[in-house]
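Use the sequences and the hints to build the structure in full.
The listed protein sequences derive, respectively, from chains A and B. According to my numbering, the first sequence is numbered sequentially starting from 1. According to my numbering, the second sequence is numbered sequentially starting from 1001.
No lab work stands behind these hints: they were computed from the structure. Backbone N, C-alpha and C define an ideal beta-carbon position, used for all residues, glycine too. There may be inaccurate statements among the hints.
Okay, the calculated beta carbon distance ranges per label pair [said to hold, decoys possible]:
| hint | chain 1 | residue 1 | chain 2 | residue 2 | range |
| --- | --- | --- | --- | --- | --- |
| 1 | B | I1231 | A | E296 | 58 to 64 Å |
| 2 | B | A1088 | A | T291 | 36 to 42 Å |
| 3 | A | D79 | B | S1178 | 36 to 42 Å |
| 4 | B | G1202 | A | T310 | 46 to 52 Å |
| 5 | A | T291 | B | K1279 | 28 to 34 Å |
| 6 | B | K1304 | A | K133 | 55 to 61 Å |
| 7 | A | E253 | B | K1279 | 35 to 41 Å |
| 8 | B | K1304 | A | G130 | 40 to 46 Å |
| 9 | B | N1092 | A | E7 | 54 to 60 Å |
| 10 | A | T291 | B | D1051 | 54 to 60 Å |
| 11 | A | F57 | B | K1304 | 39 to 45 Å |
| 12 | A | P27 | B | K1142 | 57 to 63 Å |
| 13 | A | T310 | B | A1062 | 40 to 46 Å |
| 14 | A | F57 | B | N1092 | 44 to 50 Å |
Cut-off 20 Å, straight-line C-alpha distance, at most; resulting in silico cross-link-like pairs (DMTMM-like, lysine to aspartate or glutamate) [claimed, not checked]:
| hint | chain 1 | residue 1 | chain 2 | residue 2 |
| --- | --- | --- | --- | --- |
| 15 | A | K39 | B | D1103 |
| 16 | B | K1304 | A | E153 |
| 17 | A | K64 | A | D234 |
| 18 | B | K1304 | A | E316 |
| 19 | B | K1279 | A | D49 |
| 20 | B | K1352 | B | D1341 |
| 21 | B | K1215 | A | D113 |
| 22 | B | K1215 | A | E197 |
| 23 | B | K1215 | B | E1181 |
| 24 | B | K1304 | A | E93 |
| 25 | B | K1291 | B | E1240 |
| 26 | A | K39 | A | D49 |
| 27 | B | K1066 | B | D1048 |
| 28 | B | K1279 | A | D157 |
| 29 | A | K210 | A | D234 |
| 30 | B | K1304 | A | E196 |
Chain B is faced by these chain A residues, among others (derived, beta-carbon under 8 Å) [claimed, not checked]:
| hint | residue |
| --- | --- |
| 31 | G94 |
| 32 | G95 |
| 33 | L96 |
| 34 | N102 |
| 35 | Y104 |
| 36 | K107 |
| 37 | E153 |
| 38 | P156 |
| 39 | R194 |
| 40 | H272 |
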Amino acid sequence: MSREKLEHLGLQLPLFPTTSVGSFPKPDYLARARADFAKGKIAADQLRDLERKATTFWIETQEKLGVDVLVDGEMYRGDMVAYFAERLPGFTEGGLVRAYGNRYYHKPIITGDVSWPGPVTVDSWQFAQGLTKKPVKGMLTGAYTIMDWSFNEHYPDRRSTAMALAAVIRKEVEALIAAGCKIIQIDEPALSVRPEELPIALEAMEHTTKDLNAYFITHACYGEFEHIYPGMLDLAVDNFDLEMSNSDLDLLEIFRRHPFTKDISFGVVDVHSHKMEGREAVRRRVESALTILPKEKVWIDPDCGLKTRTVDEAIEKLRLCVEVAKSFRV
Amino acid sequence: MSSSHDPMLPGLHLANTGSYPRIGDSLELQILRRATASLDRGERNTADLLDAENEMVRRAIADQLKAGLEVITDGQIRWYDPISHLAAKLANVKIAGLQRYFDTNFYFRQPVISGTPKRSEPLVAKDFSFARNALGHLPTPKNLAGKLSIKPVLTGPYTLAKFSLSAHTGNGAVDPFSSLEERTIAYADALAAEIVELAQIGASVIQIDEPAIIKYPEDWKIFEKAVTKLIAARDKSAAEGSRPELALYVYFHDPAPLYEKLVTVPVDIIGLDFTYNPKLIDLVASAGSPKPLGLGLVDGRNTKLEDIGEVARQIDRLLPKIQGGRAYLNSSCGLEYLPRDRAFAKLELLAKIRAAVVA
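Structure follows, in structure tokens:
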């Protein structure tokens, strides 16, 4: 079904299409430039030029490696929720809160009606797509996750917050489609954290993608999916991008009990480790997947975004994904 | 309301549930982040880090005192997270990768047990002594002289065990720590020794956090067995002349289904998170409580400030139903999930709510 959808969209992808989850590490010059921009030492135009230089590097790198469905690497983003919150009316930047260890972020606060200010990601996507003939994914964060990762001082409850955000994200989806984007990833890493709220997440995604002509992927991670499976299969997307290797492929056992009905972007390399897995170990992960999942439905990618790895590590982990995927096509 | 501010006597007392933000937006409130980063880069040493931790503990205590709290914590400023901070200090436990902590967007490092987790050093006792000393050096409002207490916090054995793994030996030998019950009991033994030491050095109340039990109520028997060991440690201390009260706190889930069981656990205080179920107030008001309660009516996870009159009316309903008329007004969970300015605003809110309580 999803293969047909891809073909209908004019996308001819090989078996085991390769992609990546979204983020790549920022080159040192860009990390320094972002710090300088935050201190007011450089102008927005200068930062943007360097973001585009880094985006160009990553698009060229993915092309050279032979990745099939590209990402822009999110050179312009810090946090996946704060990036949108900083641009959407209705949000106020909150103070710092800790994520883990010595990592902190500005957690947004919803203080008024959220609304769509016009295209947020379209310009970045168009720039990246203009560098390659291969499809580049549009990259968004889902309404449920934005709601869950923000404070709410405005809406009466979590459902109404998520639905208000869904209306905003839908407009961004429409803008990406109007610009020519055919594959759109709407990340929902918070999907499984409150199993009792799965209906809210489903309703919000339904409202975000319903009747829109694109191939939709969602990425979720760090989850207790056993609590929301198989109900999560009702999420209105075509493809679930899941971290499989970090959980020792535990999810396959769940899929064995109840068939996985969507396409899957099957995470085959651990992004949290500097260690490079061996090619045979990664091949075995794919072989395990194929004991349960039809090959036509399997995409290959790393577990999660690669932004916490070094540039060299990220390239090698991507290379491994591509080599393993190609070895299964013969 | 007018009542004694002595937190052991009847009345509504103001308490901190545990953590407090270790960072703020101003540079002077970012010393700990900078010290940690410098240490990671090898530019500073552990003494520098300790200085920064000490300073942020003093500031956390000062904020609580300024807001008018009587039961004060050290803000758990030194804790990497609620799980690995304790587990990493035990022999035969290694710390592995990050996992999400309940339904928060906060992550903890997961302990992996390779043998009986053994306590060979204090877990929080030194931190308790430091905090008590720090409190003693701050000017105390006259009406609170001698009535303030530092409350050490321990993550409970069941929650520690639930989020720990057993190391696979790989040699075919039976691995006792693959059993949740074995892990829980082993942690309980280690924590019991800590309770004895805390009692010896003067802790009058010790908070035991067990958020996992209300999420996984099917493990009640294991939880209950472990708590028995903590109660035995308290009673052993009592026999030696220093009986601390044990306060069992649960949060991050709806405690209503377990409420009747929770209040029968032979601890001294039960702390409840009221933010997950608006009907919990009706339940407690109807069933009453045979022991003092920690009333988590102020949301520790959202910046919005509660309506003072509404919360005060809720307390007016609850307080007469609590045997002995003793309760603690606190946030639903530790305040580290909020930005520092909002966390302080929540502390101040506690005092405003108490002033509006009629009962």
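Hints, one by one, checked against the model:
1. I1231(B) - E296(A): 58 to 64 Å: At roughly 59 Å between Cβ atoms, E296(A) and I1231(B) fall inside 58 to 64 Å, so the hint holds.
2. A1088(B) - T291(A): 36 to 42 Å: Taking Cβ atoms as reference, A1088(B) and T291(A) lie about 38 Å apart, which means the hint holds.
3. D79(A) - S1178(B): 36 to 42 Å: holds, 37 Å
4. G1202(B) - T310(A): 46 to 52 Å: holds, 50 Å
5. T291(A) - K1279(B): 28 to 34 Å: violated, 47 Å
6. K1304(B) - K133(A): 55 to 61 Å: The hint (55 to 61 Å, Cβ to Cβ) is violated, given that K1304(B) and K133(A) are roughly 49 Å apart.
7. E253(A) - K1279(B): 35 to 41 Å: holds, 37 Å
8. K1304(B) - G130(A): 40 to 46 Å: holds, 43 Å
9. N1092(B) - E7(A): 54 to 60 Å: Once the Cβ atoms are compared, 56 Å apart, the range 54 to 60 Å for E7(A) and N1092(B) holds.
10. T291(A) - D1051(B): 54 to 60 Å: Given a distance of about 56 Å, which is inside 54 to 60 Å, the answer is holds.
11. F57(A) - K1304(B): 39 to 45 Å: holds, 43 Å
12. P27(A) - K1142(B): 57 to 63 Å: At 60 Å between Cβs, range holds.
13. T310(A) - A1062(B): 40 to 46 Å: Since the Cβ atoms of T310(A) and A1062(B) sit about 41 Å apart, the hinted range of 40 to 46 Å holds.
14. F57(A) - N1092(B): 44 to 50 Å: holds, 46 Å
15. K39(A) - D1103(B): Distance of about 34 Å is beyond 20 Å: violated.
16. K1304(B) - E153(A): holds, 5 Å
17. K64(A) - D234(A): The given pair, whose Cα atoms are some 36 Å apart, is violated under the 20 Å limit.
18. K1304(B) - E316(A): Status violated; Cα separation ~45 Å.
19. K1279(B) - D49(A): violated, 55 Å
20. K1352(B) - D1341(B): Status holds; Cα separation ~17 Å.
21. K1215(B) - D113(A): Not OK: K1215(B) and D113(A) at ~33 Å, beyond 20 Å, violated.
22. K1215(B) - E197(A): Answer holds: K1215(B) to E197(A) is near 15 Å, not above 20 Å.
23. K1215(B) - E1181(B): holds, 17 Å
24. K1304(B) - E93(A): holds, 14 Å
25. K1291(B) - E1240(B): At roughly 24 Å apart (the allowed maximum being 20 Å), E1240(B) and K1291(B) break the hint.
26. K39(A) - D49(A): It holds: about 18 Å lies between the C-alpha atoms, which stays within 20 Å.
27. K1066(B) - D1048(B): With a Cα-Cα distance of about 27 Å, the restraint between K1066(B) and D1048(B) is violated, given a limit of 20 Å.
28. K1279(B) - D157(A): Holds, at about 16 Å.
29. K210(A) - D234(A): Within the cut-off at roughly 13 Å; holds.
30. K1304(B) - E196(A): Measuring from Cα to Cα gives roughly 23 Å; hence the hint is violated.
31. G94: holds, 5 Å
32. G95: holds, 3 Å
33. L96: holds, 5 Å
34. N102: Result: holds, 4 Å to nearest chain B Cβ.
35. Y104: Holds. Min distance 6 Å.
36. K107: Hint holds; K107(A) Cβ to chain B Cβ min 7 Å, cut 8 Å.
37. E153: holds, 4 Å
38. P156: violated, 11 Å
39. R194: holds, 5 Å
40. H272: holds, 6 Å
When the structure is compared with the earlier hints, violations turn up for hints 5, 6, 15, 17, 18, 19, 21, 25, 27, 30, 38 and for no others.
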